[in-house]
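What follows is each chain in one-letter form.
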Amino acid sequence: MIKTREKLQETFLEDIYSIPDGEKLKTCIQCGTCSASCPTSHLMDYTPRQIISAFRAGMLDRVLKSNTVWMCASCYYCTVRCPSGIKLTDIMYELKRLGIKYHLYPPKNASPVMARIFVDTLNQFGRSAETVLLSLFFLKTKPFKILNYVPMGWKLFTKGRISISNKTIKGKDDLVKIIEYIEKKGVA
Amino acid sequence: MRYSYYPGCSLEATAKPYDVSVRAVCQALDLGLDEVEDWNCCGATSYISIRELTAFAISARNLALAEKMGNDLVTVCPACYTVLNKTNIYMREKEDIKKTVSEALAVANLKYDGTVKVRHLLDIIVNDIGLEKINPKISQRLDGLKIAPYYGCQISRPHGTFDDPEFPMTMDNLFSSLGAEVVNFPLKAKCCGGMLMTTEPEEGVNLIKSLLSCAQDNKAELIVTACPLCEINLEAYQKKVNRKFKTDFSIPAIYFTQLLGVALGLPKEKLAIGRELVSSEKVLDRFYGGKR
Chain A
761 MIKTREKLQE
771 TFLEDIYSIP
781 DGEKLKTCIQ
791 CGTCSASCPT
801 SHLMDYTPRQ
811 IISAFRAGML
821 DRVLKSNTVW
831 MCASCYYCTV
841 RCPSGIKLTD
851 IMYELKRLGI
861 KYHLYPPKNA
871 SPVMARIFVD
881 TLNQFGRSAE
891 TVLLSLFFLK
901 TKPFKILNYV
911 PMGWKLFTKG
921 RISISNKTIK
931 GKDDLVKIIE
941 YIEKKGVA
Chain B
2 MRYSYYPGCS
12 LEATAKPYDV
22 SVRAVCQALD
32 LGLDEVEDWN
42 CCGATSYISI
52 RELTAFAISA
62 RNLALAEKMG
72 NDLVTVCPAC
82 YTVLNKTNIY
92 MREKEDIKKT
102 VSEALAVANL
112 KYDGTVKVRH
122 LLDIIVNDIG
132 LEKINPKISQ
142 RLDGLKIAPY
152 YGCQISRPHG
162 TFDDPEFPMT
172 MDNLFSSLGA
182 EVVNFPLKAK
192 CCGGMLMTTE
202 PEEGVNLIKS
212 LLSCAQDNKA
222 ELIVTACPLC
232 EINLEAYQKK
242 VNRKFKTDFS
252 IPAIYFTQLL
262 GVALGLPKEK
272 LAIGRELVSS
282 EKVLDRFYGG
292 KR
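Chains as they are written, first to last, in our numbering: chain A, 761 to 948; chain B, 2 to 293.
To be clear, the hints were calculated from the coordinates, so they are not data collected in a lab.
The reader is advised that the hints may include incorrect statements.
Computed spacing ranges between beta-carbons, pair by pair [to be verified]:
{"hint": "1", "chain 1": "B", "residue 1": "Asp249", "chain 2": "A", "residue 2": "Ile906", "range": "25 to 31 Å"}
{"hint": "2", "chain 1": "A", "residue 1": "Gly920", "chain 2": "B", "residue 2": "Arg287", "range": "41 to 47 Å"}
{"hint": "3", "chain 1": "B", "residue 1": "Thr162", "chain 2": "A", "residue 2": "Glu770", "range": "17 to 23 Å"}
{"hint": "4", "chain 1": "B", "residue 1": "Glu182", "chain 2": "A", "residue 2": "Ala817", "range": "49 to 55 Å"}
{"hint": "5", "chain 1": "A", "residue 1": "Asp821", "chain 2": "B", "residue 2": "Arg287", "range": "56 to 62 Å"}
These figures come from a predicted structure and were not determined experimentally.
In this text, a Cβ means the ideal position worked out from N, Cα and C, and glycines have one as well.
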C-alpha cells in the first residue's frame, strides 16, 4: 500500500497529463471560471480552481481525499468555459480513477460505490439494468433508508417504468473479451 | 430517411415513455429507425470514473455495430450522446487510443473505421427534417400552452455540435413554431444534478428546487426535456423538494417527443402520456377534447 502510494506520488502529475489533452492543465491561469461555473462547487471541500492548484503542488491527499472530484456532476460547464481549454471534467474522471485505484477517496462518499456497482452491473449484463443497480446501491450505502424509496419505486412500477427482467445481451462474451483484452494489457 | 437507433439503458426502464414516444413520432414523420442489434450500455458517467480505455472500448463496440449498418447513429439520451461522441472523436484523433481499442475490438471480430456520425434525435428532427416540413403534418397546434424547455447539460456540452452550450434554442424554436408559448427560462441549460440525485440527494435536491422555482415563477405549465435523467430527477423529487422547502410544486415534466406527438395528433397511448409521476392530465387534456 505504502509502496503504491509512493509510486503514485511520483507519477501523480504525469498520470493526469497522460489523458487526452491532459497537458493543457499546465496552462491553468487560476482565473476561477471553473469554480464560478460549477453547479456544485458550494458543496465541495475545495473548489475546482483550488483542486487544480493543490494538484500542481502535488498535494495528493488534499486532491483525492476531498469530496471535490466526487461532487462533479459531469455538467461540462467548466470544460466549455475554460479560457485555457482545459477539459476539467475529464481531469475529474482521471482523479476519480486514481482515487479508486489507490483507495484514496473520501470514505463516506456514496459516489465511488455507485461507480463500482455500475461497472459490475454493466460487466455482468452488458447493460446497466437500473433496478439491479439501484437496489445494490441502496443496500450497500443506505440500507435503512431503502424504505423511503418504496413509494416512488412502486409508482414507477405501476406506470410500467421499471423493468423486472434483466436481459443479458447476446454479445456478452464478446464484450467480456474486449474488456479483458484491455485489462490484461494493463492500460485500462 | 433512415437512421440507426441507439436507445440506451434508461429507455428500457424509467424512460420507457421516451422510447415509446420516440418510435411513434419517428413513424409519423416518416423517419425510419433501425435499432442497433444487441447494443450494450455506453458506460455513462460511471464507467469512465473507474476505467478509461475500457470505457472507450465498450462504447466503441456500439460504434462498430452501427458502422456495419451504414447510417447515422441516433440516440435520445444526452449521456449516451456525449459518451459515444467522445469515443468517436478519440477514435479519429488519438492514435494511441485508436490502436488499443481497435485491437480489443478485433478480439471480438469487430472493427471500427471512424465513419459513424453520432446524432441526437432533436438535431435530426429540427435540422434534417426541418420545421417547414414538420408544420404541414401538425394537426393540433399547441396554442396557449406555456412550456419551459429544459436542456440540461450533455445535449450541448461539451461537444455543442448542433446547439449552443450556454443558451440552447432548438426546442424553443421547435415548440414556438408549433404555437406553444416558451416562457423565459434562464436555467434551461443548468445541471439537474444527474447521478448526484441518487448518490447525494440531500444536496442534489437544491438544484432541482431552483429549476422548479424558475419554471413556476415564469408561469410554465409544463417542463419539456430531451434527457431521461433530467426528466426523472425533475419528476421524482418534487415531493422531496416540497417537504424540504415547504413548497407546493406540481409541475409535470415530459419528453420532447411526447409533446411533439401531441402536436402531430397522436393518441395519448401511443405517446405513453399518463405514465408520468406528476400527472400531465390538467395540462395536456385540452388537446384531447378535455376542458382547459
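Here's how the hints hold up against the structure:
Checking the proposed 25 to 31 Å range against B:Asp249 and A:Ile906 shows it holds: the Cβ atoms sit about 28 Å from each other. In this structure the hint that A:Gly920 and B:Arg287 lie 41 to 47 Å apart at CB is violated, the actual value being about 25 Å. Between B:Thr162 and A:Glu770 the beta carbons are some 39 Å apart, a value that contradicts the proposed interval 17 to 23 Å. Take B:Glu182 and A:Ala817: their Cβ atoms lie about 52 Å apart, and the range 49 to 55 Å holds.
For the pair A:Asp821 and B:Arg287, the supplied restraint of 56 to 62 Å holds, since their beta-carbon distance comes to about 59 Å.
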